[in-house]
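My request is simple: use the sequences and hints to build the entire structure.
As you go down the protein sequences, you meet chains A and B in turn. Each residue of the first sequence is one higher than the last, beginning at 16 in the working numbering. Each residue of the second sequence is one higher than the last, beginning at 48 in the working numbering.
Simulated from the structure, these hints should not be mistaken for lab results. These numbers come from a predicted model, not from an experiment. Some hints here could point you the wrong way.
[To be verified] Here are the computed lysine to any residue pairs in the SDA-like style, where the Cα-Cα straight-line distance is at most 20 Å:
id	chain 1	residue 1	chain 2	residue 2
1	B	K110	A	T118
2	A	K24	B	Q85
3	B	K104	A	D117
4	B	K104	A	T118
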Amino acid sequence: DSGVTQTPKHLITATGQRVTLRCSPRSGDLSVYWYQQSLDQGLQFLIQYYNGEERAKGNILERFSAQQFPDLHSELNLSSLELGDSALYFCASSPHLAGFTDTQYFGPGTRLTVL
Amino acid sequence: SQKIEQNSEALNIQEGKTATLTCNYTNYSPAYLQWYRQDPGRGPVFLLLIRENEKEKRKERLKVTFDTTLKQSLFHITASQPADSATYLCALDISGGSYIPTFGRGTSLIVHP
Chain A
16 DSGVTQTPKH LITATGQRVT LRCSPRSGDL SVYWYQQSLD QGLQFLIQYY NGEERAKGNI
76 LERFSAQQFP DLHSELNLSS LELGDSALYF CASSPHLAGF TDTQYFGPGT RLTVL
Chain B
48 SQKIEQNSEA LNIQEGKTAT LTCNYTNYSP AYLQWYRQDP GRGPVFLLLI RENEKEKRKE
108 RLKVTFDTTL KQSLFHITAS QPADSATYLC ALDISGGSYI PTFGRGTSLI VHP
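As structure tokens, then:
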């Protein structure tokens with residue numbers, strides 16, 4: 016158990032809908048990262064937050080947005096969903112800002128299925 | 048464009064042998080390289096980080112090498128066990144210091160008893 020929690024574990028929805036994925040980092044970790052993993056794209060970095068502020072962005076679609084709250088939990092919002100958004104979404108946390116030299120602890124993921 | 052290549056074919060080995068996985072990259076000179084283990088349906092688990100000025104890093108039965116001239120990292124598991132069966136991902140920082148890892152597609156390791 017990494018100490019990172021994600022809810023829900025599974026999510027099934029229809030095209031055009033909007034969903035919110037939630038992540039609680041390990042106690043004391045200030046950085047939160049979101050990743051998307053699909054069979055054809057592998058593990059892709061989406062966005063990083065550090066202590067409530069956005070710090071880095073990857074190939075995140077404009078239909079996707081995220082935020083980190085004062086209690087450090089984070090939410091990833093996916094809207095106007097398309098079939099291609101079906102994937103595993105992982106949250107990871109690390110203690111500091113310099114994530115690459117920090118150990119990143121990954122959550123169990125949310126499996127999103129768009130029908 | 049930057050590219051990270053890991054063997055897409057599964058590596059099958061016999062228990063007790065040494066497994067060697069390869070990570071090749073092009074068009075960048077990363078300062079760090081990480082290796083992760085991922086089991087099916089679960090999040091990746093960090094194993095080792097190696098810096099560009101380190102040629103080799105060890106942790107228990109794991110050994111990682113980093114050859115910046117060849118642009119290659121090798122990941123070794125000695126005395127492999129069936130419990131080592133998983134997908135192993137390498138990750139590089141190709142963002143020029145923003146410390147955001149870019150992952151390879153991973154190689155599946157299957158250790159047969």
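- Message: Which constraints among the numbered hints does this structure fail? Numbers only, ascending.
- Response: No numbers; nothing is violated.
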